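Here the structure of chain Y is known, so what remains is to put chain D in place on it, guided by the hints.
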Amino acid sequence: MSIPVKIENLEKSYEKVKALKNINLEIRPNELFGFIGPDGSGKTTLFRILTTLILPDKGTIRLGNYDVVKDFKKIRKITGYMPGRFSLYMDLTVEENLMFYARIFKVDIKENYELIEDVYSHIAPFRNRRAGDLSGGMKQKLALSCALIHKPDLLVLDEPTTGVDAVSRKEFWELLKKMQQRGITILVSTPYMDEAALCDRVALMQTGRLMSVEKPQNIVNSFSGNILTVKVTRMHPLLDELTGFDGTDRVYRFGDTIHLTTRRNPEEMKERIYHHLTEKGYQNIVVTQAEPVIEDCFLALMEPPEK
Amino acid sequence: MKTRDTVIEVKDLVKKFGHFVANDHLTFHVYKGEILGFLGANGAGKTTAIKILIGLSKPTSGKVKVAGIDVNKNPEKVKRRIGYMSQRFSLYDDMTVKENFRFYGGVYGLSRKQIRERMRFYLKKLEMESYEDMLLRNIPLGWKQKLAFSVANIHSPDIIFLDEPTGGVDPITRRQFWEMIYEVSDSGTTVFVTTHYMDEAEYCERVCIMSEGKIEAMDTPEALKEEYNAKNMNEVFIKIARNVE
Numbered sequence: 001m002s003i004p005v006k007i008e009n010l011e012k013s014y015e016k017v018k019a020l021k022n023i024n025l026e027i028r029p030n031e032l033f034g035f036i037g038p039d040g041s042g043k044t045t046l047f048r049i050l051t052t053l054i055l056p057d058k059g060t061i062r063l064g065n066y067d068v069v070k071d072f073k074k075i076r077k078i079t080g081y082m083p084g085r086f087s088l089y090m091d092l093t094v095e096e097n098l099m100f101y102a103r104i105f106k107v108d109i110k111e112n113y114e115l116i117e118d119v120y121s122h123i124a125p126f127r128n129r130r131a132g133d134l135s136g137g138m139k140q141k142l143a144l145s146c147a148l149i150h151k152p153d154l155l156v157l158d159e160p161t162t163g164v165d166a167v168s169r170k171e172f173w174e175l176l177k178k179m180q181q182r183g184i185t186i187l188v189s190t191p192y193m194d195e196a197a198l199c200d201r202v203a204l205m206q207t208g209r210l211m212s213v214e215k216p217q218n219i220v221n222s223f224s225g226n227i228l229t230v231k232v233t234r235m236h237p238l239l240d241e242l243t244g245f246d247g248t249d250r251v252y253r254f255g256d257t258i259h260l261t262t263r264r265n266p267e268e269m270k271e272r273i274y275h276h277l278t279e280k281g282y283q284n285i286v287v288t289q290a291e292p293v294i295e296d297c298f299l300a301l302m303e304p305p306e307k
Numbered sequence: 001m002k003t004r005d006t007v008i009e010v011k012d013l014v015k016k017f018g019h020f021v022a023n024d025h026l027t028f029h030v031y032k033g034e035i036l037g038f039l040g041a042n043g044a045g046k047t048t049a050i051k052i053l054i055g056l057s058k059p060t061s062g063k064v065k066v067a068g069i070d071v072n073k074n075p076e077k078v079k080r081r082i083g084y085m086s087q088r089f090s091l092y093d094d095m096t097v098k099e100n101f102r103f104y105g106g107v108y109g110l111s112r113k114q115i116r117e118r119m120r121f122y123l124k125k126l127e128m129e130s131y132e133d134m135l136l137r138n139i140p141l142g143w144k145q146k147l148a149f150s151v152a153n154i155h156s157p158d159i160i161f162l163d164e165p166t167g168g169v170d171p172i173t174r175r176q177f178w179e180m181i182y183e184v185s186d187s188g189t190t191v192f193v194t195t196h197y198m199d200e201a202e203y204c205e206r207v208c209i210m211s212e213g214k215i216e217a218m219d220t221p222e223a224l225k226e227e228y229n230a231k232n233m234n235e236v237f238i239k240i241a242r243n244v245e
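Here the protein sequences line up with chains Y and D, keeping their order. Going by this note's numbering, the first sequence opens with residue 1, and the numbers climb by one from there. Going by this note's numbering, the second sequence opens with residue 1, and the numbers climb by one from there.
Chain Y extracted, bound-state conformation (with noise of 0.2 Å):
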């Protein structure tokens, strides 16, 4: 059954650190929902307390019809939990790994495995291996069949891909999608922001608090002013050389390229960025506009009030 999450006025501190500031926020039922922001944000505090781990000091979440606080036993049997930091015992061999969870849960794995086929199907070959021997990747496709053995309708991911190379990372996004199809409801966390233009809607967290709620599309299209990506032969000095540039907003290392982001008339500045780097000796300068990331989104919302 496909379950909805309802967080309202959620607060928590932690003595002087207030860790969530009134989070108000509606998951739909067999949403892929993504929370975005830096460590320390509030993602992880979100998520324990919305597997019952913890306790909000005010406000509520509920799911369906569930309390986290009242019912916390239910939210247990529906609510699949992936932490950060490894769920798994790493003495124990992936079967055994898989068989715990199943105990802890008193289910038959043989009843669930169809769900957990998929996932599980992967790292099957080396069900007599320890789970501290296996790669990166195997190990989050282990905590992902432990975190599903039951069956739940909701699946909450703190920072899966956290960590994991970026092959494996596209193969895990390949299993949420199929989880997904399968009626899960499923909040996950991430560093990465390619991962969240995968989600159907992403919030973008900092300090406790939702910066934004929207579609990937729509956190794109509401970016104010215009990206040029700069690229020269010489790339490393470049940032220091556009950092000020008359009618910048914000430069940033964007992989093999800068972006910059100016609110004037790209045109007019792209001529102007491409004279002034020719005077100081670059080559092979091409200057071109191009459509924001999430990245770039992401960066503009992030950035530090002035000093």
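Derived by calculation from the structure, the hints in this document are not laboratory data. Treat the hints with caution; some may be incorrect.
Partial chain D-side listing against chain Y, Cβ under 8 Å, derived [stated by the list, open to error]: (1) Gly142; (2) Tyr203; (3) Phe237.
Which bits of chain D does chain Y cover? Going by a derived footprint, with three or more residues having C-beta under 8 Å, they are [as the list claims (entries may be wrong)]: (4) 4-17; (5) 28-42; (6) 170-184; (7) 226-234.
Please read these numbers as outputs of a predicted model, since none were measured by experiment. Every residue gets a Cβ at the ideal spot worked out from N, C-alpha and C, and that includes glycine.
Chain D alone, transformed into the frame defined by chain Y:
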């Protein structure tokens, strides 16, 4: 063109764990002042190779010279010339910022005065002067990583090894971290760095891609993109990893 000095020389490096070959005849070199990106899927053998380069693990066979020193014969001598920062563990959570600097400075044989000066220098640069007495565990990950990088540099090493320094770090801090990398590289320090962020692979001078214990490719990002007919390093990486399967 002037020939460049080499600071790391690896020849026919093999490391086996039982029957498992973690490093299968690696041969490569790294230039002085270079930023070398060391990439590969999880389990490709990167960490095994780094541990051998920094003298923490002995190769099964092969020759490894770091900063002109044979690592196999003189691992302790190598350790003085290098800095190492790992993602899992680099600073002590239950010590303050100051205590971490003192501890690592002491390990590397710096005088109290030198440690104090270096610490002031770095804390000022990171705008963290008021955090001197804070326990590491209360400091956010991005800041911790920048501190760890500074601490790994405290003895001005010839080569600094960074094992996934930016894993899980936000996009702004990641970029600040790379500016720090450029800065030490400009001053002549060689940087050996692993990452799973393919945009960061583009920031390296050369990139070495490992797969199943072997080096599959090693060149500048530009040359690799051309060779593999790829738009970016992410495509290069995926093509190489998929080919091997």
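Outcome of the hint check:
no.	hint	verdict
1	Gly142	holds, 6 Å
2	Tyr203	holds, 7 Å
3	Phe237	holds, 5 Å
4	4-17	violated (count 0)
5	28-42	holds (count 3)
6	170-184	holds (count 8)
7	226-234	holds (count 3)
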